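Chemist: So the protein lines, in turn, are chains A and B. Using the working numbering, read the first sequence as starting at 1 and increasing by one per residue. Using the working numbering, read the second sequence as starting at 1 and increasing by one per residue.
Think of the hints as simulated: they come from the structure by calculation, not from any bench. One or more hints might be untrue.
Simulated DEER-style distance windows between Cβ atoms [as the list claims (entries may be wrong)]: (1) B/Ala62 with A/Ala15: 19 to 25 Å; (2) A/Pro27 with B/Val59: 23 to 29 Å; (3) A/Glu58 with B/Phe63: 23 to 29 Å; (4) A/Asp1 with B/Asp1: 26 to 32 Å; (5) B/Lys70 with A/Gln9: 39 to 45 Å; (6) B/Lys49 with A/Pro27: 31 to 37 Å; (7) A/Pro27 with B/Ala8: 34 to 40 Å; (8) B/Ala62 with A/Ser68: 17 to 23 Å; (9) B/Gln9 with A/Ala8: 38 to 44 Å; (10) B/Asp3 with A/Asp5: 27 to 33 Å; (11) B/Pro27 with A/Asp5: 16 to 22 Å.
This one's a predicted model, so the numbers in the text were calculated from it and none came from an experiment. Glycine residues also receive a C-beta, built at the ideal position from the N, C-alpha and C atoms.
Number of protein chains: 2
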Amino acid sequence: DGDVDAGAQKAASCAACHGAQGKSAVPLYPSLAGQHAPYLLQALQAYKKGNRSGGQAEVMKAFVAGLSDKDMEDLAAYYGSLKP
Amino acid sequence: DGDVDAGAQKAASCAACHGAQGKSAVPLYPSLAGQHAPYLLQALQAYKKGNRSGGQAEVMKAFVAGLSDKDMEDLAAYYGSLKP
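Okay, chain A solo, but in the shape it has when bound (with noise of 0.2 Å):
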């Protein structure tokens, strides 16, 4: 399982879109705080994989293609820690 508090360190560039809670403040960005942490994984999985294209997703993309398989088990269980 992913490391919260690694995935709060890791969480600051997540939050321009996301939200500094994991509540996004921009309708069209998901709210991020309390979802499951597999789900979120497999979100940030899939991204990656390419298997999400066109709109946000392009920007998305990007953000993952950075992250290591570490970071997104991180990054999930950060948000998935977190109250909706």
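Once you have looked at the hints, place chain B on chain A.
Modeler: This is chain B only, laid out in the frame that chain A set:
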């Protein structure tokens, strides 16, 4: 915008995976309750256009295939209206 009440009627087939009140009991399936309706609509349209593939996306594609634009707007409004 979508019609919350109409969305509630149409959500019967979604509840099996996403939970009766949009809170999924299966960690691989996302909870939808309180998510931004515009994002939910964008995600449904991505499945409809084939911009999401692999894994669970294939299941979603089958469900979304039978939905009209109005259905998707109503479902997005309904889930967005639920308490996270």
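Chemist: Take the hints in turn and mark each one as holding or not.
Modeler: Tested hints:
1. For B/Ala62 and A/Ala15, the Cβ-Cβ distance of about 35 Å falls outside the hinted range of 19 to 25 Å, so the restraint is violated.
2. As the Cβ distance of A/Pro27 to B/Val59 is approximately 25 Å, the hint placing it in 23 to 29 Å holds.
3. Checked against the given bound of 23 to 29 Å, the beta carbons of A/Glu58 and B/Phe63, roughly 25 Å apart, stay inside it.
4. Checked against the hint of 26 to 32 Å, the C-beta distance between A/Asp1 and B/Asp1 comes to roughly 39 Å, which is inconsistent with it.
5. At about 44 Å, the CB distance of B/Lys70 to A/Gln9 agrees with the hint of 39 to 45 Å.
6. Taking the beta carbon of each, B/Lys49 and A/Pro27 are about 20 Å apart, not inside 31 to 37 Å as hinted.
7. Taken as a hint, the range 34 to 40 Å is violated for the pair A/Pro27 and B/Ala8, whose Cβ atoms sit roughly 20 Å apart.
8. At roughly 33 Å, the beta-carbon separation of B/Ala62 and A/Ser68 lies outside the given 17 to 23 Å, and the hint is violated.
9. At about 40 Å, the beta-carbon gap between B/Gln9 and A/Ala8 stays in the expected band of 38 to 44 Å.
10. Taken as a hint, the range 27 to 33 Å is violated for the pair B/Asp3 and A/Asp5, whose Cβ atoms sit roughly 43 Å apart.
11. Range check, B/Pro27 to A/Asp5: Cβ separation about 21 Å, and the 16 to 22 Å hint holds.
In the structure shown, a violation is registered for the earlier hints numbered 1, 4, 6, 7, 8, 10, in ascending order.
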